[in-house]
Amino acid sequence: MIRVQREDFDVGAEIAGLTQGNRKIGGLAVFVGLVRDMAGDRAVGAMTLEHYPGMTEKMLHRIEAEARARWPLEASLIVHRYGRLEPGDQIVLVATASSHRQTALEACGFLIDWLKTKAPFWKLEEGPAGAEWVEARDSDDTAAGRWDEAAPPGGEDPKAAE
Amino acid sequence: MIRVQREDFDVGAEIAGLTQGNRKIGGLAVFVGLVRDMAGDRAVGAMTLEHYPGMTEKMLHRIEAEARARWPLEASLIVHRYGRLEPGDQIVLVATASSHRQTALEACGFLIDWLKTKAPFWKLEEGPAGAEWVEARDSDDTAAGRWDEAAPPGGEDPKAAE
Amino acid sequence: MKLLYFAWLKTKTGVAQEDVELPSGVANVRELLDWLKGRGPGYAEALADLDAVRVAVNQEYARPDDPVGPGDEVALFPPVTGG
Amino acid sequence: MKLLYFAWLKTKTGVAQEDVELPSGVANVRELLDWLKGRGPGYAEALADLDAVRVAVNQEYARPDDPVGPGDEVALFPPVTGG
Numbered sequence: 001m002i003r004v005q006r007e008d009f010d011v012g013a014e015i016a017g018l019t020q021g022n023r024k025i026g027g028l029a030v031f032v033g034l035v036r037d038m039a040g041d042r043a044v045g046a047m048t049l050e051h052y053p054g055m056t057e058k059m060l061h062r063i064e065a066e067a068r069a070r071w072p073l074e075a076s077l078i079v080h081r082y083g084r085l086e087p088g089d090q091i092v093l094v095a096t097a098s099s100h101r102q103t104a105l106e107a108c109g110f111l112i113d114w115l116k117t118k119a120p121f122w123k124l125e126e127g128p129a130g131a132e133w134v135e136a137r138d139s140d141d142t143a144a145g146r147w148d149e150a151a152p153p154g155g156e157d158p159k160a161a162e
Numbered sequence: 001m002i003r004v005q006r007e008d009f010d011v012g013a014e015i016a017g018l019t020q021g022n023r024k025i026g027g028l029a030v031f032v033g034l035v036r037d038m039a040g041d042r043a044v045g046a047m048t049l050e051h052y053p054g055m056t057e058k059m060l061h062r063i064e065a066e067a068r069a070r071w072p073l074e075a076s077l078i079v080h081r082y083g084r085l086e087p088g089d090q091i092v093l094v095a096t097a098s099s100h101r102q103t104a105l106e107a108c109g110f111l112i113d114w115l116k117t118k119a120p121f122w123k124l125e126e127g128p129a130g131a132e133w134v135e136a137r138d139s140d141d142t143a144a145g146r147w148d149e150a151a152p153p154g155g156e157d158p159k160a161a162e
Numbered sequence: 001m002k003l004l005y006f007a008w009l010k011t012k013t014g015v016a017q018e019d020v021e022l023p024s025g026v027a028n029v030r031e032l033l034d035w036l037k038g039r040g041p042g043y044a045e046a047l048a049d050l051d052a053v054r055v056a057v058n059q060e061y062a063r064p065d066d067p068v069g070p071g072d073e074v075a076l077f078p079p080v081t082g083g
Numbered sequence: 001m002k003l004l005y006f007a008w009l010k011t012k013t014g015v016a017q018e019d020v021e022l023p024s025g026v027a028n029v030r031e032l033l034d035w036l037k038g039r040g041p042g043y044a045e046a047l048a049d050l051d052a053v054r055v056a057v058n059q060e061y062a063r064p065d066d067p068v069g070p071g072d073e074v075a076l077f078p079p080v081t082g083g
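Protein chains in written order, with my numbering: chain A, 1 to 162; chain B, 1 to 162; chain C, 1 to 83; chain D, 1 to 83.
Isolated chain A, as found in the complex (with noise of 0.2 Å):
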């Protein structure tokens, strides 16, 4: 299940409507990430999301078919939020479920890895020096790399011109 959304989100009512009357699951692995008042060396006031409405619903969906194609999921949720975010406020959630935990676990990593380079949304940072788009980064390239081995998906995430 995916959600993009601008309201905040309850961790514990999210995993507990997850695993809910599934008596298969031994393993939850949820990942919370947040907005932090630093960013690099540079102090962040708020920032905003912005998003590519329609196509942000499609990737994501197809991030998780994908995290479902490779490891034996009994349940998984990604609940993505967009608008203006303060210091402390959460931003995404990815929730998967298992048999084993090391499903869980790295279909967890999967998620947020492959969505933090796929997924249409970009941050602009209110910083002391005014707002700044948030550049990508190459490590996040890299993280997301790791899972190309098993079965290249094909065709995401190109350069537009060489």
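Treat the hints with care, since some could be wrong.
Restraint ranges, calculated between C-beta atoms of paired labels, are given here [unchecked claim]:
#1 46(A) with 39(B): 45 to 51 Å
#2 70(A) with 17(C): 32 to 38 Å
#3 54(B) with 22(D): 18 to 24 Å
Here are the computed lysine to aspartate or glutamate pairs in the DMTMM-like style, where the Cα-Cα straight-line distance is at most 25 Å [what the hints assert, rightly or not]:
#4 10(C) with 125(A)
#5 24(A) with 66(B)
#6 24(B) with 140(A)
#7 37(C) with 132(A)
#8 37(D) with 135(B)
#9 37(C) with 50(A)
#10 24(A) with 57(B)
#11 24(B) with 86(A)
#12 24(B) with 50(A)
#13 58(A) with 66(C)
#14 12(C) with 125(A)
#15 24(B) with 132(A)
#16 58(B) with 65(D)
#17 10(C) with 86(A)
#18 58(A) with 65(C)
#19 24(A) with 50(B)
#20 2(C) with 49(C)
#21 10(D) with 14(B)
#22 12(C) with 45(C)
#23 58(B) with 14(B)
#24 24(B) with 57(A)
#25 10(D) with 135(B)
#26 12(D) with 50(B)
#27 37(D) with 21(D)
#28 58(A) with 126(A)
#29 58(B) with 45(D)
#30 10(C) with 106(A)
#31 10(D) with 138(B)
#32 58(B) with 10(B)
#33 24(B) with 51(D)
#34 12(D) with 10(B)
By construction, these hints were calculated from the structure, which means they are not laboratory data. Glycine included, every Cβ here is placed at the ideal spot set by N, Cα and C.
Chain A is already provided as a structure; the job is to place chains B, C and D on it using the hints.
Then chains B, C and D, alone, in the frame of chain A:
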């Protein structure tokens, strides 16, 4: 922080308490272990978790300290239950928070892997053929062994005799 | 064709969304970007470094040689930074 | 010495906890296990496969050559299965 308790825990409340007021946290990783209604192909009606009071707390503290020595964590928590549990019940909670997501995810995986092979808990499963002590799995040793390369802790979990 | 711009591509072009009529000779992503560059200084600046530009055609990531046509929705944006 | 038994080691020995007086010649974990084996059929069965037995001395995992003494708390248990 570590806790060993008979009572259930509230994941939402635990992680809210863990991240509360710390604006340096960019990523929170959580693992929850749950009782399944099957163990391999055997139905499980319930299980009882026995532990070694005193040594359990000592080992959990040490495992947590090892994680914090290896990764720059802003917060960490292990809660492990004992006593009689039924399918769907929560057994263990591991949570790690860091400024970066990979740090939190790796430390979370480390904690649950090490806990599984080092903390003195034993599961007695009640199946159709009566109660059976769960046997330790080689795959858990393998999973825990993944973390040995970096900085072997030394002296833990040896065999008592050849 | 419907064009969408996000993040600093929107700031630099000064446009979030526009409908354009494709001139003849614009049949793929590369040709579309070349044509857009000539539409004004804002576009030229936004598209100066194509390594920093991602393109989606009908909400799918697209490559330079992928075709584009009058009925398409084409989005231009920087590498994503969500999560 | 205080001895503790957990899981199926407790079931087989029939004892959860006991205080024992060490005979002379029992100064390390290996010697302790050898001596315990001779204390009755339950002990012999529990300690038949030492590969399946873990030992903690004063709540620290111990090896066969580690010393044990009268004031120690020694626990015997199978490989752990928590988490």
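| Which of the stated hints cannot be reconciled with the structure, identified by number in ascending sequence? | 5, 10, 21, 24, 28, 29, 30, 33, 34
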